[in-house]
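Undergrad: If you're matching them up, the sequences are chains L and S in order.
Position 140 of the first sequence, counted from 1, bears residue number 140 in this note's numbering, the numbering being contiguous throughout.
Residues are numbered in this note's numbering as their position in the second sequence, beginning at 1, plus a constant of 1000.
Among the hints, a few may not be true.
[Said to hold, decoys possible] Reference listing, derived: stretches of chain L covered by chain S, where coverage requires no fewer than 3 residues with Cβ under 8 Å from a Cβ of chain S:
| id | stretch |
| --- | --- |
| 1 | 118-132 |
| 2 | 141-151 |
| 3 | 259-272 |
Simulated from the structure, these hints should not be mistaken for laboratory data.
The beta-carbon is built from N, C-alpha and C at its ideal position, and this holds for glycine as well.
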Amino acid sequence: MSERLASKPRSREKPERPRRRRIDPDWIRRNGVYVALVLLLAINVAITDNFVSDATLRLQLIQVTPVLIVALGMALVIGTQGIDLSVGAVMALAAALIPLYIGYGTGVAIAIAVLAGGVSGALAGTLVARIGVQPIIATLGIMVAGRGVANLFGGEIKSIRDPGMVALGSGSLLGVPYVVVIAAVVAAVTWFLVRRSNFGRQLVAIGGNKRAAELGGLPVPRVLLTTYILCGLLAALAGVLLAARSQASDPTKVGLLVELSAITAVVLGGTPLSGGQVRIAGTIAGALLMQLITATLIFHDIPDSTAQIAQAVIVVAAVYVQLGRRKARP
Amino acid sequence: MTTTVAAAPAGSGGTRARVARVAQRQGALVILVASVLAATLAFDSFGTAGNLENIALQASFLAVVALGMTFVIMSGGIDLSVGSVFALGGVLAAWGSRYGTLAALLVPLVVCGAIGLVQGLVIARGGLPPFIVTLAGLLFARGLLLLISDEGATTYKVPPGSAFRELAQGGLLGIGYPIWIVLVAFGIGGLLLRRSSYGSTVLAIGGQEDAADLMGLPVLRTKVIAYTTCGVLAGFGGLLMASYTSSGVTVLGVGMELEVISAVVLGGTLLTGGAGTVLGSLVGVLLLQVIRNVINQVGSLNSNWQAVISGTILLVVVTAQRWLAKVEGR
């Protein structure tokens, strides 16, 4: 607020500042992720051998799907000014349930696994929306407990030999892998929800100002609950797809640190952690950018350690750029 | 003036509100005493002096880290990097012990303190969300760990006969040094919180940062000190662990941040900041350790129940905290 007071008289003296406008920081914030993605693609095309090939492209798209699907759910939650740390544990839980119920048929097993994510999301949503527990703590508890439950169900690594699951994991539709098709459908539906549905408008309004939304008569608890359920369902779906692709489920490894990758993708994509906005296209680009960064480092034999440090720096830089927007528009 | 700040968050009077306040502060202690009593009655092997000392000793590593986290959370922040920093501290200590005890002590404390310092500076000066900065810190410390251990070693041995081993393996009056260290550290921490201007500033920042800033309290400095201390203590915890096990293990501390945050929240410190006790965190750590020990005692019970029960207790406690806060009229 003090900034606004300070800048008012100055702007009266100099009403036009076209030079500053040319490098509009807000434009960078909104579209930086696309610029970075294109730049990194160009760099890879130039310096990485065999980068421009069907196989590489397919592999990158397949590998990004779990994180992308989780990130789309996370974007919704972050839009409400929340956060969901339980997504990795939910992925593990869903993957662990598949071998247990695969005997009843592929569809049944998938349905049970995805529903488990919905139940977990409902629990998080109830704690956040009805009881008023902070999202980070509510989902932290579910994360700890959920990973334990996944381990209890899953035990050790189990291989999945079901033909239905194998087809889901490695089949393709018109040359596009099923998992990529599913991710695209999820992205389209999420985009529609956010931009075109009443639910999306309410979600964004709540994230922008919960108190105002409440006073305006919006069904705040119901929308929050729905958001967390959606996030849980999507995380579980990601777990199922991962299990289908790897034809195995390892509850201690599946979805480890995925919450961090998902949050990073969302933030890179321009959705502010302070809520009130959801950027679906940005989230997709953010997930792709993260995948491409990892891939680029692997292509060039840069060790894991350096990759992690690079990721750390990227996260901070991305949020720093975001921060400018919050200051600019309080 | 400083005492008024510390007392400010106390709610209005009334017996109901007062009972609620006591329950919120001491709830974990009640659960701890109840579970210790129940476990003593249920298992012959629980109440033995040897087992109780073992619990205290195992808890001491976590307790050291929780002390630093308590101050960070009370200032309204969070530090997700402690697990990685803990592991880094342990490995650096084991590595340093080859060059003498002094190196074993100084190297981890300086490096981990530096990580905390940088995080504190970025959070306090840059105004970035602590959640994101320390998330990056988590990746960074883990990356650094991989980088220095790239000779393929996952374990660094402390040379036999090194005096460094005494630090955690020796004892005084039949009680291990780590327990003494924890008692002294928490004593100092309690005094700092209740009797120093630093402590009241921490609480004031957590209560309302803008107000603390307007009052002329050293907000920046206090935050930087809190994160630096948290880094030093996390490194110290790892150092103690390295001394106790005579080795530095690179894979330690994964998920530890969540355990530590759980302990602090269980101990009655509000995650929104501004209120809490140092002793409560110690109680929280002990409670988690007792649960772990009881599950070991049961034997037949899968060790994954530990995560399930810890997560459930966390959720129950935060739900109770919210409910009590409502009764208290906050």
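Undergrad: Counting residues of the stretch 118-132 of chain L whose CB is closer than 8 Å to a CB in chain S, do you get three or more?
TA: Result for this restraint: holds, n = 3.
Undergrad: Using C-beta distances, would you say chain S covers the stretch 259-272 of chain L, given that this needs three or more residues below 8 Å?
TA: holds (count 3)
Undergrad: Within the stretch 141-151 of chain L, is the number of residues with a Cβ closer than 8 Å to a Cβ of chain S three or more?
TA: holds (count 10)
The structure shown violates none of the earlier numbered hints.
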